[in-house]
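A.B. asks: Here is how the chains run, residue by residue.
Protein chains: 2
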Amino acid sequence: MDSIKIQAPATVANLSCGFDVLGVCLNEPYDEIEIIKIDKPEVQIDILDSKFSNIPNIPSQNTGGVPAELLIRDLKLNFGFNIKIKKGIPLCGGLGSSAATSAGVVYAINKLLNSKLSDIDLLKYALEGEKVSVSNPHADNIAPGLLGGMILIRDTSSLDISKVPINNFYFAIIHPDIKISTEVARNILPPSIKLDLAIQQWGNLGSLINAFHLQDLNLIKKSMQDVVIEPYRSSLIKFFDEIKKISINSGALGFGISGSGPSMFALCENENIAKEIVNNSKEIYLENNIDCDTYVSTVNNIGPKVI
Amino acid sequence: MDSIKIQAPATVANLSCGFDVLGVCLNEPYDEIEIIKIDKPEVQIDILDSKFSNIPNIPSQNTGGVPAELLIRDLKLNFGFNIKIKKGIPLCGGLGSSAATSAGVVYAINKLLNSKLSDIDLLKYALEGEKVSVSNPHADNIAPGLLGGMILIRDTSSLDISKVPINNFYFAIIHPDIKISTEVARNILPPSIKLDLAIQQWGNLGSLINAFHLQDLNLIKKSMQDVVIEPYRSSLIKFFDEIKKISINSGALGFGISGSGPSMFALCENENIAKEIVNNSKEIYLENNIDCDTYVSTVNNIGPKVI
Numbered sequence: 000m001d002s003i004k005i006q007a008p009a010t011v012a013n014l015s016c017g018f019d020v021l022g023v024c025l026n027e028p029y030d031e032i033e034i035i036k037i038d039k040p041e042v043q044i045d046i047l048d049s050k051f052s053n054i055p056n057i058p059s060q061n062t063g064g065v066p067a068e069l070l071i072r073d074l075k076l077n078f079g080f081n082i083k084i085k086k087g088i089p090l091c092g093g094l095g096s097s098a099a100t101s102a103g104v105v106y107a108i109n110k111l112l113n114s115k116l117s118d119i120d121l122l123k124y125a126l127e128g129e130k131v132s133v134s135n136p137h138a139d140n141i142a143p144g145l146l147g148g149m150i151l152i153r154d155t156s157s158l159d160i161s162k163v164p165i166n167n168f169y170f171a172i173i174h175p176d177i178k179i180s181t182e183v184a185r186n187i188l189p190p191s192i193k194l195d196l197a198i199q200q201w202g203n204l205g206s207l208i209n210a211f212h213l214q215d216l217n218l219i220k221k222s223m224q225d226v227v228i229e230p231y232r233s234s235l236i237k238f239f240d241e242i243k244k245i246s247i248n249s250g251a252l253g254f255g256i257s258g259s260g261p262s263m264f265a266l267c268e269n270e271n272i273a274k275e276i277v278n279n280s281k282e283i284y285l286e287n288n289i290d291c292d293t294y295v296s297t298v299n300n301i302g303p304k305v306i
Numbered sequence: 000m001d002s003i004k005i006q007a008p009a010t011v012a013n014l015s016c017g018f019d020v021l022g023v024c025l026n027e028p029y030d031e032i033e034i035i036k037i038d039k040p041e042v043q044i045d046i047l048d049s050k051f052s053n054i055p056n057i058p059s060q061n062t063g064g065v066p067a068e069l070l071i072r073d074l075k076l077n078f079g080f081n082i083k084i085k086k087g088i089p090l091c092g093g094l095g096s097s098a099a100t101s102a103g104v105v106y107a108i109n110k111l112l113n114s115k116l117s118d119i120d121l122l123k124y125a126l127e128g129e130k131v132s133v134s135n136p137h138a139d140n141i142a143p144g145l146l147g148g149m150i151l152i153r154d155t156s157s158l159d160i161s162k163v164p165i166n167n168f169y170f171a172i173i174h175p176d177i178k179i180s181t182e183v184a185r186n187i188l189p190p191s192i193k194l195d196l197a198i199q200q201w202g203n204l205g206s207l208i209n210a211f212h213l214q215d216l217n218l219i220k221k222s223m224q225d226v227v228i229e230p231y232r233s234s235l236i237k238f239f240d241e242i243k244k245i246s247i248n249s250g251a252l253g254f255g256i257s258g259s260g261p262s263m264f265a266l267c268e269n270e271n272i273a274k275e276i277v278n279n280s281k282e283i284y285l286e287n288n289i290d291c292d293t294y295v296s297t298v299n300n301i302g303p304k305v306i
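Chains E and S, in that order, are what the protein sequence lines are. Residue numbering for the first sequence follows numbering that gives the first Met the number 0, starting at 0 and increasing by one per position. Residue numbering for the second sequence follows numbering that gives the first Met the number 0, starting at 0 and increasing by one per position.
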């Protein structure tokens with residue numbers, strides 16, 4: 000195989016109470032990545048035209064370029080890769096855009112190498128790519144972006160991860176055009192939190208994991224609450240309270256900030272609820288002259304897809 | 000039915016990373032409680048002789064007496080109860096001794112009333128009983144002590160609880176005769192904790208719940224770590240580090256302080272490991288002239304038992 004074309008999916012990290020430890024893979028939006036083997040052991044990147052094409056094409060500055068170069072070096076390949084990236088995932092939006100490029104490139108190169116790398120190796124290289132965009136990346140976008148489904152990260156340094164069953168849900172994704180860098184979103188958080196709040200948060204997270212296994216929608220609804228991070232970060236997102244109210248009133252099982260925002264997600268039992276939420280949310284932003292992309296997606300249980 | 004005799008089981012709260020939100024019910028040790036209907040709508044308590052008989056027999060000061068009186072009042076009963084309690088669970092040991100009395104009495108009275116109360120009502124009355132011994136009780140002993148198995152408490156005030164599957168494990172329980180009151184154990188904790196540590200703790204708890212569902216022993220082992228509470232409370236328990244080392248070296252899947260201590264538990268794959276741990280641990284305490292009770296128990300999945 001000399002070339003491959005894939006979809007690299009968006010991911011929702013944190014899922015309210017699972018800050019830094021939980022992420023889920025979506026079917027939409029996604030990037031398209033085509034990789035063609037070239038004779039020289041080097042990496043070339045072409046950014047194809049799209050709404051979100053404003054990313055570097057210099058390999059050392061691109062989250063897909065870095066792991067590609069590392070793979071050439073570490074595996075002593077005598078060939079290289081031309082990587083064509085068509086971004087479909089909003090940049091700096093909290094939907095794992097940089098992780099999608101990184102995970103997608105690593106996944107695709109591994110396919111070109113007849114899948115010689117293990118999942119853990121793939122994760123390691125993809126995380127190296129993410130370091131281009133954030134200094135100390137967690138695996139809460141990379142792991143679901145590579146492996147699909149909902150992933151719990153016990154510990155990033157040892158890549159100690161496990162899958163949590165999640166099926167038959169719809170995600171309403173609202174991405175208002177508000178600029179928040181991951182670093183700003185992180186720096187707004189306090190270094191310490193009240194023990195009482197921490198206990199509430201881990202009670203909620205434990206119950207959320209239990210609820211997904213038990214398929215207990217009522218418990219999912221009660222558990223999907225973020226009492227630690229949301230009170231800080233929601234202040235960075237205009238109309239957050241309004242969108243949350245719309246989502247809950249429409250019947251969402253849960254609502255929260257996706258990753259470090261500004262995107263928000265609503266977990267829904269069915270497609271109609273998700274559609275109602277994105278439509279009503281979009282209206283609010285457009286009325287206030289803020290551009291807004293929205294998506295309705297099922298859970299992607301496999302990760303990147305060859306197309 | 001005019002009388003009933005039951006076993007009211009011990010419970011292990013917290014289970015390392017699940018501080019205040021997780022508890023499990025054991026088959027041993029247990030209290031024996033006999034309740035006999037009497038003509039007058041009042042409560043009489045007899046404390047039968049045992050190693051741990053030093054508890055109040057005045058109903059308003061006894062964790063079983065209080066809910067019994069409340070039940071007589073609220074249900075407008077025209078009869079009362081003579082309650083005979085034979086304590087088998089060490090007092091102030093971190094094994095849910097006060098909760099066992101409370102849960103056991105409520106369970107037994109409900110049987111005498113032809114099970115007219117719901118589980119949630121039983122929990123409420125049992126929690127009222129626990130308030131005799133601790134000002135702001137959590138349900139992490141009461142809930143598993145009443146319902147059996149492993150219980151996750153998302154929120155105590157709304158009694159929002161769920162069961163987590165746990166089977167085929169053995170608990171080694173080591174109870175050294177060291178006095179620690181629940182209040183002292185609570186006051187040693189800091190009011191705030193580093194966000195990083197909180198994230199580690201909820202990553203561990205989420206993974207532990209996932210691991211029990213997936214029956215992934217390796218993940219249980221990695222997840223059952225308490226980075227928040229144990230560093231403080233372990234200082235109150237002489238030879239804690241030694242007992243932890245013995246347990247891990249013997250092959251325990253997890254080890255920690257049971258409730259607020261001084262009891263410690265080791266979660267074990269089989270009975271032999273658990274026996275080795277309790278024997279070696281007991282030796283250390285006895286060599287140092289500290290009395291020590293030990294138990295090896297399977298998980299009690301039903302709670303109190305009629306005998």
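Keep in mind that a hint or two might mislead.
Just so you know, same-sequence chains aren't split out, so a pair can sit in one copy or run between any two.
Stated by the list, open to error - Cross-link-like lysine-lysine pairs, in silico, DSS-like; alpha carbons within 27 Å at most:
1) K83 x K193
2) K75 x K244
3) K162 x K304
4) K244 x K110
5) K220 x K123
6) K130 x K221
7) K123 x K221
8) K221 x K193
9) K237 x K281
10) K162 x K221
11) K83 x K123
12) K130 x K178
13) K115 x K178
14) K85 x K244
15) K4 x K221
16) K244 x K130
17) K162 x K244
18) K85 x K130
19) K162 x K220
20) K274 x K39
Derived from the structure by calculation, the hints contain no laboratory data.
A.B. asks: For a quick check of understanding: which of the numbered hints are violated here, in increasing order?
C.D. replies: 1, 2, 4, 13, 14, 15, 16, 17 and 20
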